[in-house]
Every structure is written in C-alpha cells, then in structure tokens.
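Same order as they appear, the protein sequences are chains A and B.
FYI, the numbering used here numbers position 63 of the first sequence as 63, with every residue one higher than the one before it.
FYI, the numbering used here numbers position 213 of the second sequence as 490, with every residue one higher than the one before it.
None of these hints come from the bench; they were simulated from the model.
This one's a predicted model, so the numbers in the text were calculated from it and none came from an experiment.
Misleading hints may appear alongside valid ones.
Covered by chain B, per the in silico footprint, the following chain A stretches (three or more residues, Cβ under 8 Å) [stated by the list, open to error]:
1. 37-48
2. 205-211
3. 228-240
4. 265-274
In silico DSBU-like cross-links for lysine-lysine, where the CA-CA straight-line distance does not exceed 30 Å [claimed, not checked]:
5. K556(B) <-> K226(A)
6. K218(A) <-> K427(B)
7. K142(A) <-> K337(B)
8. K528(B) <-> K226(A)
9. K292(B) <-> K142(A)
10. K293(B) <-> K142(A)
11. K496(B) <-> K142(A)
12. K427(B) <-> K52(A)
13. K215(A) <-> K466(B)
14. K356(B) <-> K142(A)
15. K356(B) <-> K298(B)
16. K427(B) <-> K216(A)
17. K215(A) <-> K427(B)
18. K515(B) <-> K528(B)
19. K142(A) <-> K468(B)
20. K556(B) <-> K496(B)
21. K142(A) <-> K515(B)
Ideal Cβ placement from N, Cα and C applies to all residues, glycine included.
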Amino acid sequence: MSQIELSAVSYSYRSGDGRALRALRNVSFTVEKGEFVVLAGMNGSGKSTLAKLLNGLYVPSSGSVVIDGMDTRDENNTFEIRKKVGMVFQNPDNQTVATIIEDDVAFGPENIGVPREEIVERVNWALDVVGMSDYRGRSASKLSGGQKQRVAIAGVLAMKPEVLVFDESTSMLDPEGRREIMQVAEALNRSGITVISITHNMDEAVLADRIIVLKKGKIAADGTPKEVFASSVPEECGLCLPPAAAVARELGEAGFVFDDTVVTEEELVEGLCRQLA
Amino acid sequence: MSAISIKNLTYVYSKKTPYEKKALDNVSLQIEEGEFVGLVGATGSGKSTLIQHFNGLIRKQEGEVVVDGLDASKKKSLKNLRFRVGMVFQYPEYQLFEDTVAKDVAFGPKNMKLPKDEIDRRVRRAMEVVGLPYDEFAGRSPFELSGGEKRRAAIAGVIAMEPRILVLDEPVAGLDPAGRREILELILKLKAEVSPTVVMVSHYMDDLAETASRIVALKDGRIVADGTPEEVFGDREKAAEAGLDLPTAAKIVDALAARGISLEKTVVTRRALVNGLVKYRKDKSDGNTKAGDENV
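Isolated chain A (complex conformation) (with noise of 0.2 Å):
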C-alpha cells in the first residue's frame, strides 16, 4: 500500500452561472513514504485542486483519493487524514491566528486535545525545526515573509503530520525567504516527511525527486527531473526551464555537447569544464 494514492479522480466545480468545470480529470498517482514530489502546470492546471484533494478539503467528485488505507470520503476519516496531510498555503499574513508565536503554533494540537506538556514539547520541537525558537514569545505580524511562512510551517508541524503539502508557499517571498524555506521543506524531507511541493518556481523543482506535470486537469508527465526537463512537455505545458536547462540547450545549438540532460547549475558547470579544461 502505498501512503498517498490516487485512482481515477476527476473534481468538478460549480461555476457562477452553474456551469460543471472540470478541474481534474481521471488523475491516478501514488505517492511513497519519504518522497519529495513537486506539482507543476500552468495557473489553471488542476494543481491547487489537487492539493485539496489531498487532506480532505475537497472529494473526489468520481474516484478516490486514499490516504493510508483511509478513504477521504468517508467523513470519518477527515479528522486522521488532517492529521496526517498539513498544508502550508501561499499568503504569509493571513496563516496565523495568534498574536504570540509560539501560542500560534500551538493552536493546532490545542484544538486536537493534545495534553498540555505534550503541547509544550511539540511546540518546542517545531519551532527549533524551522529555526524560530528564539522568536517564541514575540509577535508574528513583526517578522518577514520568510520568517512568517516557517511559524506557519510550525503550526502545521506541532500536528505532527507525517506528508507536507506546500501550496506554492515561497512564490510571495524574496530569494532569501525562498531559500530559507526550501532549506525547511528538504530537511524535513530527509527526516522522513513526505512532502509535496507545488511551485512555478522551476529551480525549486529540480530538487524534486520527482516531477508531476498537470495540464488541463490531467496528468502530461510524471518522472524525475531530468527525465521531464528532456522531454518536450515543458513548453508544451507553459513550463519553463530551470536556468541551467535553458543555458546548456542555448549552448547546444551552438555546438556543445552534454552527455546528459542539465537540469542544475552543477551539472552546467561539470558539463562544461568536460568540454573546455
């Protein structure tokens, strides 16, 4: 069994004027235990529905969408698969409900009835994991994006969940804050977390293990990053390519030769030393 899997699932929305709009349509994955995988697609793709799908938020409107053997449209079930699927969502000033820090980050196993000094603990636990402790007792509307997104991170961690959802959460950050969060979501990744990451951002996605891309509702490519970077699906589905992709492509055409698909800056400059030492 594995951890996340979905089969068949379409979702429908309810326009204005009544309309069924087909947001997904016949999207079937798994997702194993300790996988990083990124979500990507154009705006409009299906993948902000997808993540909703993940946790409950949203059923399935045919399919279904199994979360460790529990079926998210069995109501009784939302409160575990919550529990289990935390979503940190885009917008870093409207993700906390507390003033203080560390009471934001204890809301969550608050409302779960988490005994008191397991709460003390997780809270501590979770704020040392994003790098927060020493900002416990302040205020949140004081800090930066990236400091406000990793005490939403926190919130979502005291559940002790065990797949992170990240909802395009780094896109209203600066470079500093886009850093300091990835920073976050790959070592929770290596401590375990499965995390599903959706960003635009394609230097984010080369950190993947594996790529999802969406267009149109359905899934258009689904491997690791060099496997889709050398495919044709990335233009075809308003993608770009990672800095480096596009560079060695550039040089290419200009008689380079790269025994295998760049995708990092890493790979660009081992290429090219090859060719030039």
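Once you've looked at the hints, dock chain B against the given chain A.
Quick look at chain B alone, frame taken from chain A:
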C-alpha cells in the same frame, strides 16, 4: 528635467512610538526619462515606501520629491501626479471591480475628466496594447477572465491614463512561467509605446538582468548599489554587501572560475554567458592550434 528626482528623502513609520521604524534613510535618486530601473532589496528594505512617494500616496516627511516637474509635497500637484505616474501594485487583479472590462479600464481616464471620445480612444488603445482586443473583451466581466488576462486587464486600467512613468511592484508574482514571460514582454512593449520611464520592483534577478537598464538596490532604507546590471552584479563584493542574489549567469561564471575557466565578471545574462563560452572555446582552440604549429 529628470523623470523622478528625489533628494535626501527620509521616512519614519509610527514616529514617536515604541514601533518607530525608519523605512527610508536619506535617499537621493535621479531617474531620467527613458530609463528602465529595476528596484531590488529584501522584504522591508524600503522599496514599497519609496515607490509610494512617486505619486504622493505617501507624503514626504523630510527631503524633496519632484516627479515629472511636479513637487509631490504640494497638495495641488497630487491629482496630476496620480495621472502621470501609473502604479501597478502587487496582485493588481484584486483591484478589478467593475462589471465589464471596458468600464474597469475606463475608471482612470474618467477620473481625469477627459471628453468621452478621448476616454473611448484610450480604453481601446490600452486594451489592444495589453493584448485584450476591445471587440472581444470589452463587454466581458473581469472576474471571468483567466489569471493572466485579469492581470493584463488591471494593467490596462493603469495604461489608459497614459502615464509618463510606469511603476510596477512585483508584476510577475504568482504567475506561471508562461504568464511571467508574457507580462515581461508586455512591460517592454508598454515602455516603447506608452510610458517611456519604467520602475519595476522584482525579486527575480534573471528577469532584471535581461530587461532593466539600471539596478537600484535598497537595504535598510538606504541605496546600497546603483548602476547597470553589469556594473551592479559585476562587482561581486558590493553585490554581496548589498544582499543581492546574483543572476544565474553570474553564478555560473563564478562556479566556472573556481574550476579554472574564467569569463568576464560582467556576464550577467544568459545570452552573454553563451556568447562568452563560445568565445572562450574559440580562443582556446586557436591557442591550441598555434601551440601545435610551433611544435611542427
């Protein structure tokens, strides 16, 4: 006359309270007509405070702000300033509010009290230039448009005032890569056809290296770097001090230098990098041939 002339501008939020924060600290900046200025700096460095001075959304506390010849501190300049400086805020599509695209785009020119046929002309032109053909989009609800179309509709509303200066605060934030390219191309087109002076706030150094003629970096309310992208990113020490990320091309130049392949530090765009590498390879093979000849 400069498009924007700022002298010794200092601005303090929540003055005389425990939350007092100096957002701008003695900033002086001249921007000439025709420049494309990329304004960079971390969150909280003062970028937004600075650009809101350009059209008087923030009234200056200390210093001098003259925009398109108008003193921004004079109340009677304000209305004109709002028309001459077009501001495109972050996520401008959240500010769409009328029930048709044409009405929304007409809001600015109406406020300018222009004659009706002039308003119509401007609405048409603005919609055409942003790629929302009037005949197709005029009667549609802005809320039915796609994300990229909404953003272009919002930009059309600013462009319809035909501002001399266009200021954009992170205009590509939240867009997918295709949308990002479209908006950047649109901004270059607007600069060529409508607003000759552009100031763009962005966190994407690759975009700025490709499009801006000048980079101005803020840190803690002060200008810490100012020059062409080649100058600003080419001076690695200063760029690091200013807290700037390097464009990808410059990062690759540094990684190659560490491996003994040295290119000019002023290589900051993808095109320049490719050209630099092609030249490096050619010089090297020419050098090898010469060395080979001597052996014979």
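Coverage criterion applied to the region 205-211 of chain A (partner chain B; beta-carbon cut 8 Å; 3 residues): Coverage by chain B is violated here, the residue count being 0 at a Cβ distance below 8 Å.
Are there at least three residues in the region 228-240 of chain A whose beta carbon sits under 8 Å from a beta carbon of chain B? Our answer is that it holds, as 3 residues pass the Cβ test (under 8 Å) against chain B, meeting three.
Holds or violated: K556(B) and K226(A), Cα atoms, limit 30 Å. Status holds; Cα separation ~28 Å.
CA of K215(A) to CA of K466(B), is that 30 Å or under? At roughly 29 Å apart (the allowed maximum being 30 Å), K466(B) and K215(A) satisfy the hint.
Regarding the pair K292(B) and K142(A), is the alpha-carbon distance no greater than 30 Å? holds, 16 Å
Taking only the CA atoms, is the gap from K215(A) to K427(B) under or equal to 30 Å? The given pair, whose Cα atoms are some 20 Å apart, holds under the 30 Å limit.
Straight-line alpha-carbon gap K142(A) to K515(B), limit 30 Å: Given that 30 Å is the threshold and the Cα spacing comes to 28 Å, the pair holds.
Sort out whether K142(A) lies within 30 Å of K496(B), counting only the CA atoms. Within the cut-off at roughly 17 Å; holds.
Can you confirm whether the C-alpha distance between K528(B) and K226(A) stays at or below 30 Å? The hint holds at about 21 Å.
Given pair status - K298(B), K356(B), alpha carbons within 30 Å: holds, 29 Å
Given the hint that K427(B) pairs with K216(A), test it: the Cα-Cα distance must not exceed 30 Å. Holds: K427(B) and K216(A) sit about 19 Å apart, inside 30 Å.
Do three or more residues of the region 37-48 of chain A come closer than 8 Å to chain B, measuring C-beta to C-beta? Three-residue rule met by the region 37-48 of chain A, so holds; n is 4.
Of the hints listed earlier, those the structure fails to meet are numbers 2, 14, 19, 20, in rising order.
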